[in-house]
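Asks: Take a look at the letters that make up each chain.
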Amino acid sequence: MNLQIPAQVQYFLVGLAAWEIAGDLDLVAGGALPSPREIVSQAWLDRADYGGHIAATLQAATIGFIIGNLVAIAAALCFVRWPITARLSQGINVALFALPPIAIVPIILIAFDGMTPRYILAAISVYFPTMTAMLVGLSQIDPRAADVVRAYGGGPFAILRLVRLRSSMPALLGGLRVAAPNAVLGAILAEFGGGARWGLGTYLLGSLGQANPARLWGIGLAATLIAGLAYFAFVLMARKMTGATRAVTIASGALPQTERGGWITLIVAILLPFIVWWLLLTLLGISPIVAKTPFGLVDYLFLATTAESAQTRLLEALLETLPLALLGMAAGLAIALGLAVLGEIKPAIARTLMPVALVTQTMPLVALTPLLVLLLGRGITVTIAITISVTFFPAFVTIAQGLQLVSRAAFDLCRAYGASPLRELWLVALPSALPYLFAAAKLAVPRALLGVMIAEWLATGRGLGNLMNQSRGFLDYGMIWTVAIVSVLISLAFYQAIVLIERWWQRHGQ
Amino acid sequence: MALSSRPSDLLFDNVEKSFDLRGAPLKVLEKIDLACPAGSFTAIIGPSGCGKSTLLRIATGLEHEDSGSVTIGGEPPTTLAHRGELGVAFQDPALLPWRSVTSNIALPLDVIGKRPRDVERRIDDLIELVGLKGFGDALPAELSGGMRQRVAIARALVTDPSVLLLDEPFGALDQILRRQMNQEMQRIWLESQATTLLVTHGIDEAIFLADQIAIMATSPGRVAAMIDVDFPRPRPPDLLRDPAFHAVCDQIAEVLAEQLDASKVA
Numbered sequence: 001m002n003l004q005i006p007a008q009v010q011y012f013l014v015g016l017a018a019w020e021i022a023g024d025l026d027l028v029a030g031g032a033l034p035s036p037r038e039i040v041s042q043a044w045l046d047r048a049d050y051g052g053h054i055a056a057t058l059q060a061a062t063i064g065f066i067i068g069n070l071v072a073i074a075a076a077l078c079f080v081r082w083p084i085t086a087r088l089s090q091g092i093n094v095a096l097f098a099l100p101p102i103a104i105v106p107i108i109l110i111a112f113d114g115m116t117p118r119y120i121l122a123a124i125s126v127y128f129p130t131m132t133a134m135l136v137g138l139s140q141i142d143p144r145a146a147d148v149v150r151a152y153g154g155g156p157f158a159i160l161r162l163v164r165l166r167s168s169m170p171a172l173l174g175g176l177r178v179a180a181p182n183a184v185l186g187a188i189l190a191e192f193g194g195g196a197r198w199g200l201g202t203y204l205l206g207s208l209g210q211a212n213p214a215r216l217w218g219i220g221l222a223a224t225l226i227a228g229l230a231y232f233a234f235v236l237m238a239r240k241m242t243g244a245t246r247a248v249t250i251a252s253g254a255l256p257q258t259e260r261g262g263w264i265t266l267i268v269a270i271l272l273p274f275i276v277w278w279l280l281l282t283l284l285g286i287s288p289i290v291a292k293t294p295f296g297l298v299d300y301l302f303l304a305t306t307a308e309s310a311q312t313r314l315l316e317a318l319l320e321t322l323p324l325a326l327l328g329m330a331a332g333l334a335i336a337l338g339l340a341v342l343g344e345i346k347p348a349i350a351r352t353l354m355p356v357a358l359v360t361q362t363m364p365l366v367a368l369t370p371l372l373v374l375l376l377g378r379g380i381t382v383t384i385a386i387t388i389s390v391t392f393f394p395a396f397v398t399i400a401q402g403l404q405l406v407s408r409a410a411f412d413l414c415r416a417y418g419a420s421p422l423r424e425l426w427l428v429a430l431p432s433a434l435p436y437l438f439a440a441a442k443l444a445v446p447r448a449l450l451g452v453m454i455a456e457w458l459a460t461g462r463g464l465g466n467l468m469n470q471s472r473g474f475l476d477y478g479m480i481w482t483v484a485i486v487s488v489l490i491s492l493a494f495y496q497a498i499v500l501i502e503r504w505w506q507r508h509g510q
Numbered sequence: 001m002a003l004s005s006r007p008s009d010l011l012f013d014n015v016e017k018s019f020d021l022r023g024a025p026l027k028v029l030e031k032i033d034l035a036c037p038a039g040s041f042t043a044i045i046g047p048s049g050c051g052k053s054t055l056l057r058i059a060t061g062l063e064h065e066d067s068g069s070v071t072i073g074g075e076p077p078t079t080l081a082h083r084g085e086l087g088v089a090f091q092d093p094a095l096l097p098w099r100s101v102t103s104n105i106a107l108p109l110d111v112i113g114k115r116p117r118d119v120e121r122r123i124d125d126l127i128e129l130v131g132l133k134g135f136g137d138a139l140p141a142e143l144s145g146g147m148r149q150r151v152a153i154a155r156a157l158v159t160d161p162s163v164l165l166l167d168e169p170f171g172a173l174d175q176i177l178r179r180q181m182n183q184e185m186q187r188i189w190l191e192s193q194a195t196t197l198l199v200t201h202g203i204d205e206a207i208f209l210a211d212q213i214a215i216m217a218t219s220p221g222r223v224a225a226m227i228d229v230d231f232p233r234p235r236p237p238d239l240l241r242d243p244a245f246h247a248v249c250d251q252i253a254e255v256l257a258e259q260l261d262a263s264k265v266a
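Line by line, the protein sequences are chains A and B.
Residue 70 in my numbering is what sits at position 70 of the first sequence, and the numbering runs on without skipping anything.
Residue 64 in my numbering is what sits at position 64 of the second sequence, and the numbering runs on without skipping anything.
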């Protein structure tokens, strides 16, 4: 990111002025968009409330951030030192990757009380980005440096100590900077469902019915500010450490490729998440009425007398949710691909959009859902808008940064033969962008599902997100667990489908 | 400090090695017999893909021979590596970017877990030996390519090894710098008295530095010819312009050309 401060300050001021005018004149959605001035003055009036709410969210996010990252770093070290543990944990890692955090909010709220659900959700939200970034950092070392250590009789532990640990630091910081806003999002999500006294999520939800857009915007922006500050703290740290910024975002997030082990390893890897699930419930001693084991779920969905009704409700919700998730994701990815490829031909587009995309990526976008509801109403539009916004920005960053790695000579070559910009786009930019499109698509899957379910829960009252929320009201614990597990499975199915398409394309498309 | 001071013979006895190429075994080394007497300088030269680097990696203990044996003073290389009796340098200096010159040179000591008492002075001496005085606190990124390679050479010498294994350590340098490094290498080697094995694809580098040259041929990799070089030491830079020097060059070029023809017929 090239920080040309004067130009960006100009953009910012122009944007702010436009917002002020639009807000003052009630130009957008009949006054649902308050002006910056109104937001600030409302926040000033509410200043006594903010302290407690911010402190609660910050505390939950910080503790979850620390716990989740310690676990993630320990796991990555384990996976590198003993590769068998990586293969055995594949199932658990995949489940944690595919999990839309919202889906387990009700479960965690059933199992724990007080602040614990917030810590857990924040920790779960940071585990994956940090673990993968650390794993990539520990694995992608200079092989020759490892050779030097090995040539002096150094074993795997010496290589870990002398080469891997320090080499992984830039990647780890890259992972932490993705993880930091995730922790804030996790904490807020747990508050949405928790009904506790303090927290920005609670405050936001409680203010939803008060017809005070300025207050809602103030809270949303405060959450964004916290997440953004956490993000930039790690950007600064990374700069201090490496002396230059690096595009680490590409690496952190996707599932790492693990070598195939034998059949036994594979079976254990698949069974392990279920065993952990069952063990946790047994050890925590939660009542079997509330906490469904894998067996309990099979019973609920297929054997019990109510099984048929449960199946029908689930299918109806899925038919509502899946098309929207697919549509939003496809639209988000298509726009990202289009703009990133165009940005190669017309760099001005990329220069303008990239800083916006980087900043937006740090926003806990789903925490802004209530604001989007104000602007777009409670129809399908709001679901699609949220899904596009949670998938577009990360995809744009991934594809645009990936395209920057394409050799400039390839473009120069085309130009030297007099190719038109369109031809250049077709011959070089688009083909080189496709691998990054696939990478972005894999990242987008759980996010899209998260976006749709949040929108359904908080805005439209339909589909899987609503089914989950309703089931909490009806104390239908079987359905709560079903929704959580099914959303993970769907996310995995989408992911696998993308992997298959990518493989097919690699074999036939080129 | 002398972690060791005993010069050792390096012996390759009937070494064979195959790699797996898409399921089929590819023989990269066939019946390699090579004796490097204690304190001597041996160069291995040959076309790319002849297995010369693999041979050196086996001597380093980074690869293992399928059959035959490699011994140094009668012991397997890995045993010596643990005692710090091997010094290694590769084409890439492979310095750790976060360690200073001094700290990079000390890396082998961290690996074998020995910190002799006079280590600071010894490293200072090495820095001076490779001509980097005043750069002890510099980071690799602040050095030129030639300087980094000199750090790698100093690192190879830090344990005072009895055997030096060098895999094209000057391969990435330009011709002018390379000649200069060859001069320094000779001086360093004369001081250290280590049994040295140098893999190179520079014919004049091999002749300038070595007592004996093994010329390798490809598919499968084998020793095609051995040539003794007995110019008196220390060899001056203008040896490269000596007709006798060119005679050896021609001799090697002939062997290489013969091998090339033979492989075309086959």
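FYI, nobody ran anything at the bench for these hints, they're computed from the structure.
Positions of the beta carbon are idealized from the N, C-alpha and C atoms, including for glycine.
Be a bit skeptical, because a hint or two may be false.
As the list claims (entries may be wrong) - Below, a sample of chain B positions facing chain A; criterion: calculated Cβ distance under 10 angstroms:
#1 F19
#2 L21
#3 R22
#4 G74
#5 L80
#6 R83
#7 G84
#8 L95
#9 L143
#10 G145
#11 G146
#12 M147
Unchecked claim - Computed footprint of chain B on chain A, listed as stretches where at least three residues anywhere in the stretch have a Cβ under 8 angstroms from a Cβ of chain B:
#13 9–16
#14 153–166
To be verified - Quick look at which bits of chain B chain A covers, simulated, 3 or more residues with Cβ under 8 angstroms:
#15 51–65
#16 104–115
#17 121–130
Asks: Which numbered hints turn out to be false for this structure?
Replies: 1, 2, 3, 4, 9, 10, 11, 12, 13 and 17
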